[in-house]
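Protein chains: 2
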Amino acid sequence: MQRYFVKNEQITEKTIKILAEDAHHISRVMRMKPGERIICCSEDGQTALCEIQEITDDLCFVSIVEWIDEDKELPIFVTIAQGLPKGDKLELIIQKGTEMGASCFLPFFASRSVVKWDEKKGRKKVERFEKIAKEAAEQSHRTRVPVIKDPIDFKKLLLDSVNYTYKIVAYEEDAKRGEKRNLSSILQKVAPGDSLLAVIGPEGGLTEEEISKLCDNGFITCSLGQRILRTETAPLYILAAVSYHTELLG
Amino acid sequence: MQRYFVKNEQITEKTIKILAEDAHHISRVMRMKPGERIICCSEDGQTALCEIQEITDDLCFVSIVEWIDEDKELPIFVTIAQGLPKGDKLELIIQKGTEMGASCFLPFFASRSVVKWDEKKGRKKVERFEKIAKEAAEQSHRTRVPVIKDPIDFKKLLLDSVNYTYKIVAYEEDAKRGEKRNLSSILQKVAPGDSLLAVIGPEGGLTEEEISKLCDNGFITCSLGQRILRTETAPLYILAAVSYHTELLG
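Chains as they are written, first to last, in the numbering used here: chain A, 1 to 250; chain F, 1001 to 1250.
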């Protein structure tokens, strides 16, 4: 069933008002009629089965049939702290990472990030990322849209990292040395509601200095299998491993 | 260290002859000189540390310093049987799937595949896929380049499936129903050298009829976590789960 994310202010006790692009999507793209049903997800991850009552091109009123109990989110909160990569790789990471269950994307300026970030254009970019995340969350039947943060510098990343239960950094030297246990030993310890901050370097990786500062701040380095993954592949590996370990492993 | 895949016929007892694009890459892109070292991988996955002896724009002779024992491949052979997707998604699947360790990519015409496949242009496409796989294998430090097959029809897929130790199919209805154990119960059984055939539907998924025929032929349906993944995301999840379970899980 088609699914839409709505702000809490759009929800009353018995109805939900759907606006602008989403209303247009329901009326023009999906060509739905009164009586047909959709799913609405609130900002705090509540899910309602709804029935369309009235619909115009840019406004749609639905009645709440029932609140349903859905379990679509990873049991732990995963934040992908991504060293700013080139080109449109961050879009790929956000789209695929949202499908795979990430809670938050936190881009940061790494020593080897070569991309320029213009304050004004940057705001537009983040808005575009938010749209990609919302669409991917709808498509993958999630109940929450991941948060996209504005890029921060490395110092701020270290400061913010105190807020997480577990902190890892993907490190290709670990893969080369054959380190194999760090990721799984953390995933064996995590409990529902814990938070995991996963740092991934940009193209060219993190510098020795960055790795050593992360380790000084409680990060564990880990390999992601025996091969060297591109910067945009590493976060997807981590999210799949978290899902596999916490959702599927008996 | 830079790595190149060579055919067995390019290798003699003590030297390797590197040709065409690879030689050009060494001389012009990497600007390497005699005395510098590279890694060469043979067709059967043997790895040699080599030293450049002579180099021109399209030919490079290297001497074999030593054969080294590298363990970069997944312990099981994973074939990704992908329902032909739209646009350039197959390129993404092949590039990322190669980094994550796939042995073979086997595209097939699913009922809901909408893409047209022209015999002549198709051959060129497969050649392009082979190039993408070779470059991704070099970049990710693998010792083998995955095999790219020409697309086959669904009947042929069923016939070919008898050659694999385990056969799974990603099934989104399983995700919706909350099935959680099938993938991990198979990965708990696999032994080094086993082969796994993983079938993934195109956009829109596989039909009920296709799923039922696969099950009649010994395939196990499985969910990939609690969310619905796009066709190009599912194979990456499966490969990451295989790597995590067989390489990292203690």
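The reader is advised that the hints may include incorrect statements.
[Unchecked claim] Taking lysine-lysine pairs in the DSBU-like style, the calculated list, with each CA pair at most 35 Å apart, reads:
1) A:K176 x A:K124
2) F:K1007 x F:K1086
3) F:K1014 x A:K134
4) A:K176 x F:K1017
5) F:K1017 x A:K33
6) F:K1014 x A:K176
7) A:K176 x F:K1176
No wet-lab data here; the hints were simulated from the structure.
Keep in mind the model is a prediction, meaning the values are calculated, not measured.
Hinted pair K1007 (chain F) and K1086 (chain F), Cα distance within 35 Å: holds, 33 Å
Proposed proximity, K33 (chain A) with K1017 (chain F) (alpha carbon, max 35 Å): Violated, at about 68 Å.
Given pair status - K176 (chain A), K1014 (chain F), alpha carbons within 35 Å: holds, 26 Å
Given hint K124 (chain A) paired with K176 (chain A) - CA-CA distance at most 35 Å: violated, 39 Å
Proposed proximity, K1017 (chain F) with K176 (chain A) (alpha carbon, max 35 Å): holds, 27 Å
Given pair status - K1176 (chain F), K176 (chain A), alpha carbons within 35 Å: Violated. K176 (chain A) to K1176 (chain F) sits at ~39 Å, over the 35 Å cutoff.
Pairwise hint evaluation, K134 (chain A) against K1014 (chain F), where the allowed Cα distance is 35 Å at most: Cα-Cα ~57 Å, so violated.
Hint check: violations occur at hints 1, 3, 5, 7; the rest are consistent with the structure.
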